[in-house]
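A.B. asks: Work the whole structure out from these sequences, hints included.
Here the protein sequences line up with chains A and B, keeping their order. Residues in the first sequence are numbered from 610 upward in steps of one, following our numbering. Residues in the second sequence are numbered from 8 upward in steps of one, following our numbering.
If you're looking for bench data, these hints aren't it; they were derived computationally from the structure. C-beta atoms are modelled at their ideal positions from N, C-alpha and C, and glycine is treated no differently. Treat the hints loosely; a few may be bogus.
[As the list claims (entries may be wrong)] Pair by pair, the computed Cβ-Cβ distance ranges are:
1. A:633 to B:181: 45 to 51 Å
2. B:215 to A:636: 45 to 51 Å
3. A:675 to B:215: 52 to 58 Å
4. A:632 to B:23: 27 to 33 Å
5. A:761 to B:223: 29 to 35 Å
6. B:225 to A:756: 34 to 40 Å
7. A:679 to B:38: 37 to 43 Å
8. A:737 to B:75: 27 to 33 Å
9. A:643 to B:223: 50 to 56 Å
[What the hints assert, rightly or not] Lysine to aspartate or glutamate pairs mimicking EDC-like chemistry, simulated, CA-CA at most 20 Å apart:
10. B:10 to A:741
11. B:10 to A:739
12. B:250 to A:739
13. B:10 to A:634
14. B:250 to B:222
15. B:78 to A:763
16. B:250 to A:741
17. B:10 to B:222
18. B:67 to B:21
19. B:67 to B:38
20. B:78 to A:629
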Amino acid sequence: MIAIVEYNAGNIRSVINALERLGREAIATDDEALIRQAEKVILPGVGEAASAMQYLREKGLDRLLPTLEQPVLGICLGLQLMCRFSEEGTTTGMSIFDTVVRRFPPGARVPHMGWNNLQQQEGPLFAGVDAEADVYFVHSYYAACCADTIAVCDYQLSFSAALQKNNFYAAQFHPEKSAGAGAAILKNFLSL
Amino acid sequence: MLKKRIIPCLDIRDGRTVKGIHFEQLRDAGDPVALARQYAAEGADELVFLDITATVEKRKTLCALVSRVAKAIHIPFTVGGGINSVADAIQLIQSGADKISVNTAAVQRPGLIGELAARLGSQCVVVAIDTRINAGQQCVFTHGGRQATSLFTTAWARQAAAYGAGEILLTAMGKDGTGSGFDLTTIQEVCQAVSLPVIASGGAGCPDDFKTLFETTEATAALAAGVFHFGKLRLPELKAYLKTAQIPIR
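C.D. replies: Here is the structure:
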């Protein structure tokens with residue numbers, strides 16, 4: 610069973626649909642026991658960082674998630690919540706990845722919205738994915754590059770398009786909305 | 008590099024796709040889910056659905072359609088038409104829309120933009136602006152383009168951004184359905200007024216119109232309807248043409 614962590618943030622339907630297209634069923638839940646038992650856990654998210662973190666704290670999920678041993682995939686805001694700190698609402702995160710989340714500096718149009726290409730991908734998440742594959746981004750804050758960065762993207766500056774540490778994976782882009790490349794990345798995560 | 012987006016727009020009436028010339032004289036252009044699937048397969052970067060007859064009774068039909076579309080495609084899509092409240096927007100997002108677009112309701116009550124952004128995040132909130140010359144100035148029109156307002160287009164775009172819009176969808180009504188090219192001047196004025204992504208709409212007729220748009224304005228996306236529905240332009244050929252012209256395209 611795949612658990613999609615349900616917290617007050619946006620569109621989880623599209624993640625469920627994407628998994629269904631790959632022939633997998635998922636349940637949306639904020640229940641600690643169900644999340645702990647799940648074979649894979651996805652932390653999706655569009656929304657605002659501080660209020661999302663607040664919700665995770667109220668449910669005790671901010672302590673649970675970093676202790677999970679099965680593969681976990683954070684998407685977009687999910688990735689940002691797995692970092693140490695976010696400038697959005699000045700909130701601390703779950704500190705799974707040793708990096709910080711900042712707002713794009715003035716100069717380019719924000720949000721960074723649309724298809725942009727990955728660079729320097731490494732690891733099993735990107736097996737069989739084109740070196741310069743375009744994936745769909747929509748975000749105003751970015752995770753700075755760090756030792757856990759496994760793919761980079763450029764928009765005004767280089768930022769972490771994906772991160773990995775042990776069983777924790779995260780994508781700043783939306784694999785569930787990234788056509789064929791996104792489906793391949795999700796499929797890779799499901800076969801970890 | 009961030010790519011310029013090509014966005015087919017599907018105007019929906021009673022569950023069917025239609026396309027008008029100057030917003031009237033609607034012609035039937037087919038089943039929205041089939042079209043959505045075809046466009047996604049042909050390389051559309053995003054889709055927009057505008058329900059031009061959205062009423063309370065028809066809201067359920069629209070949600071059902073959105074949910075079918077969300078299952079069928081794996082690219083982002085925006086839904087607009089008659090969204091008056093956060094509750095309306097949440098229904099559509101929960102049905103599977105990635106973004107919602109507001110037009111008349113936002114002009115009538117700009118605070119709605121802020122409420123939507125606070126609840127759903129700015130990235131979900133597209134403010135659609137229909138613009139046309141009125142007394143020598145580009146002004147905002149509401150109610151599907153039927154009603155003039157006293158708002159200047161660039162001023163309203165700036166205000167929408169300040170309220171928390173995540174993107175502007177600018178339709179030049181005078182160009183809409185004519186195939187005579189985008190309204191480059193107005194589009195660039197709005198691009199300079201805001202630091203949000205701007206989708207240009209109205210007037211696309213041939214591949215060169217898209218090339219000129221991206222070469223001469225800062226628009227981040229181009230939206231068109233009729234040229235795609237009636238087969239005048241095919242997405243793969245359009246995108247290949249733009250790539251050859253060195254426009255960053257997926």
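A.B. asks: Name the hints, by number, that the structure is in violation of.
C.D. replies: 13, 15
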